[in-house]
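Please model the entire structure based on the sequences and the hints provided.
The chain contents come next:
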Amino acid sequence: MHILFLHDAFPAQFGRLGLELADRYGWKCSYLIRNFSRCPEPTPAMLERLDIHRYIVPQAPATAQPAWPQIYGQFVDQCRAVADALRSMPGLRPDLVVANGGRGAPTLLVPEVLDCPIVTYCEYYFATSHGDLTYRLDLPPAEPAPFFPRVINAPTLVSLASAKAGYSATRWQRDTFPERYRSKIEVHFDGVDDRLYSPGPRLSSIAGRSVPEGTKVVTYVARGLESVRGFDLFLAAADRIARARSDVLFVVAGDDRAYYGWDTFHAGGLPFKEWAMSKVGCDPSRFLFLDHVSPETLAEVLRRSDLHLYLSVPFVVSWSLFNALSTGLVVLGADIDPVREVIEHGVTGLIAPLFDVDRIAETALKVLDDPAEYAPLGRAARAMIEERYSLDVAVSPLKDFFERVAAR
Amino acid sequence: MSQPPLDLVCIEPRFPGRLGGVADWLVRRRGYRVRFFCNQADPAVQWPEATGRGIEVVAFNVGGVARETSVEWPKVLERSLCYAYGCWEVLEGRRPRPVDLILGRSNGLGSSLYAPVIFPRTPIVQFFDTYFDPDRREPGDEAERRPDTYRHWRLAANAVELVELENGVTPWTATDYQRSLFPTPYRDDFHVLHDGVETRGLPARHRDPLTIGGRTIPADAKVVTFVARSLDRLRGFDRFVGIVDRLVRAEPNVVAVAVGSRVADHPFDFAHYGRDYPLILLGENPPTSLERLWMPGVLPPDDVRRLLARSDLHVYASRPHPASRSLVEAMAAGCVVLAFETEAALEVIEPGVSGLLVPTDLDEASRIALGVLQDPAAHRPLGEAAAERVRERYSRDVTLPRLADLFDRLASGGR
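Protein chains in written order, with the numbering used here: chain D, 1 to 408; chain A, 409 to 823.
To be clear, the hints were calculated from the coordinates, so they are not data collected in a lab. Bear in mind that the values here come from a model prediction, so they are computed numbers and not experimental data. Honestly, I wouldn't trust all of these hints.
If we take Cβ atoms under 8 Å as the criterion, some of the chain A residues that face chain D in the derived model are [unchecked claim]: (1) K483; (2) L563; (3) L570; (4) Y594.
Just so you know, even glycine gets a beta-carbon here, dropped at the ideal spot from N, CA and C.
And the structure:
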């Protein structure tokens, strides 16, 4: 079997999956991408064993993020660039195309070049109001809020209307799509690396800062420190925890930028991290900001953590949540449906109302006060990952799914 | 069911467009109040009777790429958003109250997309014209002539319809054929109901001399008519000219009248869009007698009705595309209609009963057309059956009460 993965970035969702398909089943995995990403970065094994091609979008605007009315045009330009790239590579003739549909799979013109089925990775369908980017009514209003959500799904709809099959990583993600499309979207998690993210020895220092064994570490991880992932809510809860306990260090991994929302509007033009720190008034000395870290570093940080906070709004569930659970950490997550799909409160983790930072802090303090009492939650989380979300469990059904679609 | 008057907001890029006639009927027959938001308006002679007397026309501006004559295919949605945003600005500024229901038609240009931002709980009924299925030979039937950019435009243009279909609207379309163009997952949602044509006060059929566009059709003329928004290739003006050319050679008294703008305004007629198509066509293929092919341009609706009442044969030569209102209006006038066979025409006409359907062979079509002109009495029942079919199925007095029922149900759900 020869799969061509289409994605803006590499490795993103598909790098590790392709490596597993190549190693386990001898499949040839090709990639057509625009950029190599740094979250995570490609591993040497990926670069060595996977067939990676890059394409450029000649019409791409100078700014990374176009104005919202132009997003669809950018998508169409991307579709055109993908088709042009495929035309220029007559030797690249896969049995199946798997395309990331995060902002619409750029497959509109692929059937003009390739005669094979196309699978869309249905990552997410944005809500028109009161969800994802429009969930944070507590923040200052953002100008695009009424308009953006009604058009951001246009690329997704265009690609989905013509797609033969799709898959989402979780049931909740699948259910964000209009009901009319759900019958052709299967749920297949793409696998967490439970060997890398596993319980193990605790570091005595993080990023050069000594962390004595008696220090309690509370972790927060997101690609970007932004409102959609509840960074400001984390700070508010952390501030309460810090005031109650002097032995807590908050370790934060993530870029100081917004990947999804309108934090520039919310923060009046300031970087959201700066705005949120100032708003909450927390003591910076209690925080260790790591910026972006490698998967290996992240695994070590999580192993040293005593509690992990996951305070996202309802949105695509972060890899970091699965990584933390896989590490056997006690995770305190926001009480939102996508988290409830993964964490059973009191069994595999803890859940508290997203905006109730007093409750979040109170729950966190209980965990920090009596780790032994809560340790079974971490062990159950690890077992759950092994049973439901590990690469060993996830890759085989995905392989079967791809084979089924390719055979149509 | 009683149908109480409602406060209606109509949104369509152009007035009166397609919704103007609906609004007019609702105002005059059901006592509605209508605020009609549009970007442009046709000349006043085309406005319906209730304009200014129940229909308030409110203009909105558009900016950005919507100001350009045409846009590259990647920008089709951006252009629509300019319309949607322009309409939103005026709605936001005026905040009309109360509003029981919003009736929108985007016609590929976006319109009511942002109305829910201001009226989040007001029901929206959205009229949908067409969807471009890349696997279906529609519109037009000559795929090999289409350049890549045209095919790509068709693929990309569906985004407008899709975001509107997912905007919490009740989708409405005029015919089963139009509904069948949309992706299967959406079809069951559609309310299929023709918006109807006016059947009250139609002029009686006659053979008197008739002055149209400054020229008089003599009493002994055999009148062959063609009516379209523009005399373009999509609606088969070239086919009409081909038939007329054959007819004038065989029949000395034929007068052919083609009503509509000379400027092809349908983007599907990609090769001639924005150009004087009759000039191009007749320049390339000079007709046998230009004297007998009249092109009076766009006529007031009453003049079109008088012309159709005098028509001996109406040619509906459209390539595959949703059926024109002119087809139904010609049938309402009792014309004998000769239509080229398409799915859309087949839905409206029962072949051999309420009209004649012909394949795309011009010689065959011309032969049948000649038969109609040479023996009108034998073909008159076709025209009478056509008029009866319209009275039963396509009259506004039949279709729009059903639409008013739908509006009432939706509006009362929010009360």
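Results for each hint:
1. K483: This interface hint holds because 5 Å falls under the 8 Å limit.
2. L563: holds (5 Å)
3. L570: Interface hint status for A/L570: holds (4 Å vs cutoff 8 Å).
4. Y594: This hint holds: A/Y594 lies near chain D, its Cβ roughly 7 Å from the closest one there, short of 8 Å.
Violation of the numbered hints given earlier is absent; every hint is satisfied by the structure.
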